[in-house]
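> One-letter residues, chain by chain:
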Amino acid sequence: MLSRDIWAAGSEILIGAGSILVLLFEVLARRARPVWAYRTALVSVAVTVFLLAAGSLGRSGVFWHGGLVNDPLSRLLDIAAGVATFLVLVYSRPQLVRHGLERAEHYFLVLTTLLGVLVVDSGGSLLTLYLGLELLALSLYALIAIDRRRPLGAEAAMKYFVLGAMASALLLYAFTFLYGLAGSFRLSVVARALAAHPGSPLTLAAVAFVVVALAFKFGAVPLHFWVPDVYEGAPTAVTLLVGTVPEIASIALFMRLLGLGLGAASGDWGVLLMVASLLSLLVGNLLAVVQLNVRRLLGYSAVGHVGFILLAFQLGGRGGETAAVYYTIVYVFMSAAAFGGLTLLEARGEKSTTLEDLSGLARRDPWMAFFLLCALFSLAGVPPFLGFWAKLIVLRRVIMAHETGLAIFAVVMAVVAAYYYLRVVKSMYFDPPPAPGGDGAAAAAPVPVFSRVWLGINALGLLVLGILPEGLWSACRMAMSHLLR
Amino acid sequence: MLHDYFGVLVFLIVGAVVGAALLVLGFILAPRHADPVKGAAYECGFEAFEDARIPFDVRYYLVAILFIIFDLEIAFFFPWAVALRELGPAAYAAMAVFFAVLVVGFAYEWRRGGLEWE
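Protein sequence lines, in the order shown, are assigned to chains A and B.
Residue numbers for the first sequence follow our numbering, so the first one is 1 and each next one is one higher.
Residue numbers for the second sequence follow our numbering, so the first one is 1 and each next one is one higher.
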């Protein structure tokens with residue numbers, strides 16, 4: 001019985017062991033050699049993803065007295081999070097080395113972030129979900145402030161920490177209500193208790209607090225204020241992490257907690273999520289238009305994408321939720337390519353802060369510009385790219401639910417989004433490069449081939465998967481058709 | 001189920017009533033003679049010469065945080081030790097893993113100079 005439980009938590013144990021190993025190297029080594037931490041992290045993530053994909057880990061079932069639930073959805077999300085973390089590690093190292101930020105602690109915290117995501121992905125009880133969420137959030141707070149010399153990073157970390165602690169407190173408060181209602185932390189018991197007492201005021205209170213806390217974690221309006229500040233303030237390599245891997249945990253949390261646990265109250269949270277989604281689409285996309293800082297721009301655009309995800313999710317039912325999961329996974333890899341490109345530009349010794357810094361990039365480094373172009377086109381939803389299918393599937397779901405008005409609004413906002421993405425492309429391809437003689441051109445250094453190749457695979461993958469979209473979509477549908485709780 | 005919590009409710013009410021009663025009694029019965037000297041600032045006979053909100057040395061926080069970590073660990077160990085006979089070898093193994101992780105963290109902290117005052 002116990003060995004079965006331990007085997008079921010195999011992916012979490014592997015990543016946890018990897019992070020301990022990183023720390024152990026740091027203790028035992030006479031001189032700090034962060035490259036070993038990097039290799040350890042890379043290997044443990046790669047092995048975990050491989051074993052998950054091969055089916056050796058993450059076999060379906062309910063384990064640890066309902067605390068851990070492995071189903072096809074958790075496996076899919078675990079693999080997505082693992083691959084995204086792998087890309088994040090590969091993209092971030094050159095930049096960290098160049099800026100003197102490479103330390104074993106960085107890789108340790110990246111691994112614990114991933115561990116938190118894995119725990120949330122297969123959380124079968126309120127306790128497990130909270131545990132994973134806090135592990136993820138604490139690692140991110142520390143990572144954002146890891147460059148102690150930059151006051152902007154410390155400020156962003158402080159804001160994120162204070163607001164995040166508040167959101168966690170609200171989530172715990174909601175859990176006390178749910179526990180009072182069900183007498184158990186297990187999501188299956190909570191779901192049964194909710195179905196037995198429809199419309200009780202305790203349920204309403206719990207739903208309100210859960211939605212507020214989850215909307216904060218996802219960065220949906222009106223709880224989005226941390227997003228642009230954190231994206232701007234964190235070191236670029238950390239922004240890359242914040243903008244990708246945690247999104248998987250957010251959608252897992254939505255699925256587990258709202259979809260499976262509070263599914264009986266979907267009428268209550270559906271309305272709240274619809275308002276949040278419309279506001280996110282509006283505010284995120286309109287504010288992104290006026291940003292001159294590329295990272296703030298991508299931060300606000302992330303809010304807009306969350307609007308799309310919630311738009312699908314609030315429809316309720318498996319169809320809408322599947323579309324939301326699909327959109328999230330697609331978004332994570334688009335975001336990884338976009339931020340990965342910016343990170344590697346900084347590793348070359350260029351700045352990638354404002355739109356002007358990017359101007360004329362196509363002449364300086366045509367490949368890098370092309371990879372960024374793929375990522376941005378995909379984010380904008382231009383047809384052959386993967387991002388187009390994500391938007392299409394969400395919109396089709398919305399129209400099938402006879403919410404044509406919402407669909408039209410979302411399309412209008414997608415057009416607004418296309419404007420600011422194309423403006424970045426224009427500045428890369430058509431604007432003259434900044435006047436020579438600055439220190440930027442002189443300090444340009446080659447980016448390691450390994451990182452460039454992976455960025456290429458990531459960016460071209462968006463194109464190839466966009467031409468052959470069937471695989472990922474059917475994987476999502478498969479995952480969502482055998483849910484456990 | 002609500003019945004089980006009746007004791008808690010009584011406790012809350014009694015606590016609130018007793019607490020409020022003491023404050024109110026003190027307010028009503030205590031002798032009060034207003035006097036300007038009584039309202040003056042008092043600091044060992046001097047006027048207050050500094051703001052009480054001074055920046056605190058970060059080392060104190062470090063010690064406090066380290067203390068809390070080990071404090072929690074004891075809270076975790078103690079019930080385990082008391083119930084070890086009933087829990088069996090699985091609990092022993094689980095605590096061994098927990099302890100190993102903790103030792104790595106402790107060694108890291110030591111190595112990094114977190115325990116040094118200067």
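Source of the hints: derived by calculation from the structure; they are not laboratory data.
Each residue gets a CB set at the ideal place from its N, CA and C atoms; glycine is no exception.
Be careful, since some hints might not be right.
[Said to hold, decoys possible] Computed spacing ranges between beta-carbons, pair by pair: (1) B:Ile65 x A:Thr354: 37 to 43 Å; (2) B:Phe98 x A:Val43: 52 to 58 Å; (3) A:Leu127 x B:Ala21: 22 to 28 Å; (4) B:Val17 x A:His482: 20 to 26 Å; (5) A:Leu131 x B:Ala107: 23 to 29 Å; (6) A:Arg318 x B:Ala21: 24 to 30 Å; (7) A:Leu204 x B:Phe76: 54 to 60 Å; (8) B:Trp80 x A:Gly55: 46 to 52 Å.
[What the hints assert, rightly or not] Calculated from the model, a selection of chain B residues having no Cβ within reach of chain A, i.e. all distances over 10 Å: (9) Leu72; (10) Val101; (11) Gly105.
[To be verified] Computed list of chain B residues with no C-beta within reach of chain A, every gap over 12 Å: (12) Leu23; (13) Asp71; (14) Phe77; (15) Arg85; (16) Ala90; (17) Ala93; (18) Glu109.
> Would the non-interface assignment of valine 101 of chain B survive a Cβ cutoff of 10 Å against chain A?
violated, 6 Å
> A range of 46 to 52 Å was offered for this pair. Does it hold for the Cβ distance of tryptophan 80 of chain B and glycine 55 of chain A?
violated, 36 Å
> Please verify that the nearest CB of chain A lies beyond 12 Å from arginine 85 of chain B's CB.
For arginine 85 of chain B, whose nearest Cβ neighbour in chain A is about 18 Å away, the distance exceeds 12 Å, so it holds.
> Per the hint of 20 to 26 Å, is the separation of the Cβ atoms of valine 17 of chain B and histidine 482 of chain A within bounds?
The hinted range 20 to 26 Å is violated for valine 17 of chain B and histidine 482 of chain A, with Cβ atoms some 56 Å apart.
> Hey, is glycine 105 of chain B genuinely clear of chain A, shortest beta carbon separation above 10 Å?
Answer for glycine 105 of chain B: violated, closest chain A Cβ roughly 7 Å.
> When you take the CB atoms of leucine 204 of chain A and phenylalanine 76 of chain B, is the distance between them in 54 to 60 Å?
violated, 36 Å
> If I take the minimum Cβ distance from leucine 23 of chain B to any residue of chain A, is it greater than 12 Å?
holds, 29 Å
> Taking the shortest Cβ-to-Cβ distance between phenylalanine 77 of chain B and chain A, state whether it exceeds 12 Å.
holds, 20 Å
> Note whether the CB distance of phenylalanine 98 of chain B and valine 43 of chain A lies within 52 to 58 Å or breaks it.
violated, 25 Å
> I want to verify a distance hint. Is the separation of the beta carbons of leucine 131 of chain A and alanine 107 of chain B within 23 to 29 Å?
holds, 24 Å
> Confirm or reject the statement that leucine 72 of chain B sits farther than 10 Å, beta carbon to beta carbon, from all of chain A.
holds, 14 Å
> Does the hinted range 24 to 30 Å hold for arginine 318 of chain A and alanine 21 of chain B at CB?
Since arginine 318 of chain A and alanine 21 of chain B have Cβ atoms about 58 Å apart, the given range 24 to 30 Å is violated.
In this structure, the earlier hints numbered 2, 3, 4, 6, 7, 8, 10, 11, 16, 17, 18 are contradicted, and the remaining ones agree with it.
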